[in-house]
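A.B. asks: In case you want the letters, here they are:
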Amino acid sequence: MNTIFKNQYYLILKHGIKMELADKERLISPILFATTMLILFAFGIGETSEDLIIKIFLAQTFLTLLFSLQITFARIFDPDEKDKVFQLLQCYPINHAAWFLGKYTLVILVGSLVLVPTMLLAGLLNHNPKAPLLTPEIFLIAFLALAGLASIGVLLSAMTLKASGREVLFPLIYFPLSTPVLLAAIQSSQVLLSGNNSDILWQWVGLLVCFDVIYVTLGILLFGELAGSE
Amino acid sequence: MLSIKSLSFAFQHRPLFKEINFDLVPGKLVHLIGENGTGKSTFLSLIAGFRTPNEGSISYFNDKGEEVDDRRVYIEYLSAEANGLYTKMDATQNLTFWSKLRGHKYSTQQMVEELKKWGLGHPLVRTNFAVEKFSTGMKRRLALARLNLSACPCWLLDEPIYGLDTKGIDLFKSAILNHKESGGMAFIVSHDTYPLKELIDEKIEIGAK
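First to last, the protein sequences are chains X and S.
Per the numbering used here, residue 1 is the first one in the first sequence, and the count goes up by one each step.
Per the numbering used here, residue 231 is the first one in the second sequence, and the count goes up by one each step.
Here chain X stands alone, though its shape is the one from the complex (with noise of 0.2 Å):
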């Protein structure tokens, strides 16, 4: 890796990290919301058979995740957009790549933050004795799927940076682009849970990771035309 890079890189992280620390509502308020939204999925559901736990469990993380994740996504150039920061950015000789993955690397250190008390307290409120739901294989393929939508986040932020009806736009591109990221998180998880097959666990897995790849390639290509000029 060349210096430049480098530097580039680890500056944009850490300053991205200073940002988010130096304003921390930003940080709680998508674990908030996802708090809310789990407790809200277990007060509305209530007591369920064991067969089903597994489903539920599922189906109430990752639209939670889908959820709460979108909010920490579309506020990640929040602090670039006031006062013209972007545009500045813009005219100064960063490498685009390194600028892309440096807030990248940002996303997935901010969405861990939401992962892990969503799961944790998902898993809590789902609790199964005789099976496990947190174990170390769900928060990978979680993590796996934070990776592919984290990419899409940074990108999709930096597009509709200045957009009107932003708020509306996001969600509308966000949403679909997400589907198969978020389809092959879940199935792979209810094959993992279920104990059935290992070859289709690793079907769905390849499938989630080849969306990492195709999303993050995608990510690092189209940033650097939306940094660019117009």
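Accuracy of the hints is not assured; some may be wrong.
[Stated by the list, open to error] Derived pair list, reagent style SDA-like, types lysine to any residue, alpha-carbon separation capped at 20 Å:
(1) X:Lys-6 to S:Lys-363
(2) X:Lys-84 to S:Met-368
(3) X:Lys-82 to X:Thr-3
(4) S:Lys-318 to X:Lys-6
(5) X:Lys-18 to S:Gly-393
(6) X:Lys-84 to S:Thr-317
(7) S:Lys-335 to S:Lys-346
(8) X:Lys-82 to X:Lys-162
(9) X:Lys-18 to S:Asn-358
(10) X:Lys-24 to S:Ala-360
(11) X:Lys-6 to S:Leu-331
(12) S:Lys-318 to X:Thr-3
(13) S:Lys-335 to X:Thr-3
(14) X:Lys-6 to S:Lys-335
(15) S:Lys-363 to X:Leu-21
(16) X:Lys-14 to S:Ser-329
(17) X:Lys-84 to S:Val-419
(18) X:Lys-82 to S:Gly-393
(19) S:Lys-318 to S:Pro-353
No lab work stands behind these hints: they were computed from the structure.
Using the hints, position chain S against chain X.
C.D. replies: Below, chain S alone, put in the same frame as chain X:
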């Protein structure tokens, strides 16, 4: 040297300027003049690379006379309506971020000296005090400090003295003078010409018939 050849730009069907040819040479400050809406800021945004011209070219030649691939390395831009500052960060964090992004490794002492130069050197102002709490003039001073630390030979200044008090204007004049003496060059857009008149070397009218 910044070389502009046959530059034309139009917003859809509304032409702003046509066939501008100009060479901005080291040590010169060029004042862009014209009525409101004639395209002075747009002209700067074309040079900064935010927009693509309809026709013509903008090239930057380094000290050796070689054309450079990425002119962003040599150009620093100051917008009219904004300062490009992270409002939740303090002055030192802002300066550190922008200068590191250009690959400069200034020491803390150098940062403090620069901030002192612009009247922002007090410890209670330069650290742990978010820029969002700064006055308009203080924000402009900080943006000018960033410009000065960029060490870029070509400055694009859009209404740079907006919000500055008399002392701030003097500081800006001194910075411009140093910049010119060290071989720097600048385009400036300002409707408040009086404080800058002794610094301006040439004028270009944008949108002239």
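A.B. asks: Confirm or reject each hint.
C.D. replies: Consistency of the hints with the structure:
For the proposed pair Lys-6 of chain X and Lys-363 of chain S, the alpha carbon gap of about 33 Å is over 20 Å, so the pair is violated. For the hint linking Lys-84 of chain X to Met-368 of chain S, the alpha-carbon distance of about 17 Å falls within 20 Å, and the restraint holds. A threshold of 20 Å between alpha carbons decides the hint, and for Lys-82 of chain X with Thr-3 of chain X the separation of about 29 Å lies outside it, so the pair is violated. At roughly 25 Å between alpha-carbon atoms, Lys-318 of chain S and Lys-6 of chain X are farther apart than 20 Å, so this suggested pair is violated.
Only pairs whose Cα atoms come within 20 Å are accepted, and Lys-18 of chain X paired with Gly-393 of chain S is rejected, the gap being roughly 29 Å. Under the criterion of a C-alpha separation no larger than 20 Å, the hint pairing Lys-84 of chain X with Thr-317 of chain S is consistent with the structure, at around 11 Å. Our distance criterion of 20 Å between C-alpha atoms is met by Lys-335 of chain S and Lys-346 of chain S, whose separation comes to about 18 Å. Annotation: proposed proximity of Lys-82 of chain X to Lys-162 of chain X holds, straight-line Cα distance about 11 Å (limit 20 Å).
Between Lys-18 of chain X and Asn-358 of chain S the CA atoms are separated by roughly 13 Å; this keeps the pair inside 20 Å, and the hint holds. Among the hinted pairs, Lys-24 of chain X with Ala-360 of chain S is consistent with the structure: their alpha-carbon atoms are about 15 Å apart, no more than 20 Å. With a CA separation close to 11 Å, the supplied pair Lys-6 of chain X and Leu-331 of chain S stays within the 20 Å bound. The hinted pair formed by Lys-318 of chain S and Thr-3 of chain X fails the criterion: a straight-line CA distance of about 28 Å is larger than 20 Å.
Our distance criterion of 20 Å between C-alpha atoms is met by Lys-335 of chain S and Thr-3 of chain X, whose separation comes to about 14 Å. A hinted pair counts as satisfied when its Cα atoms are at most 20 Å apart, and Lys-6 of chain X with Lys-335 of chain S qualifies at roughly 15 Å. For the given pair, Lys-363 of chain S sits about 18 Å from Leu-21 of chain X by alpha-carbon distance, which is consistent with the 20 Å threshold. For the proposed pair Lys-14 of chain X and Ser-329 of chain S, the alpha carbon gap of about 15 Å is at most 20 Å, so the pair holds.
With a C-alpha separation of about 18 Å, the suggested pairing of Lys-84 of chain X with Val-419 of chain S holds against the 20 Å cut-off. As the CA atoms of Lys-82 of chain X and Gly-393 of chain S are separated by approximately 18 Å, the hinted pair is consistent with the 20 Å bound. Note on Lys-318 of chain S and Pro-353 of chain S: the hinted pairing holds, with a Cα-Cα distance of about 17 Å set against a maximum of 20 Å.
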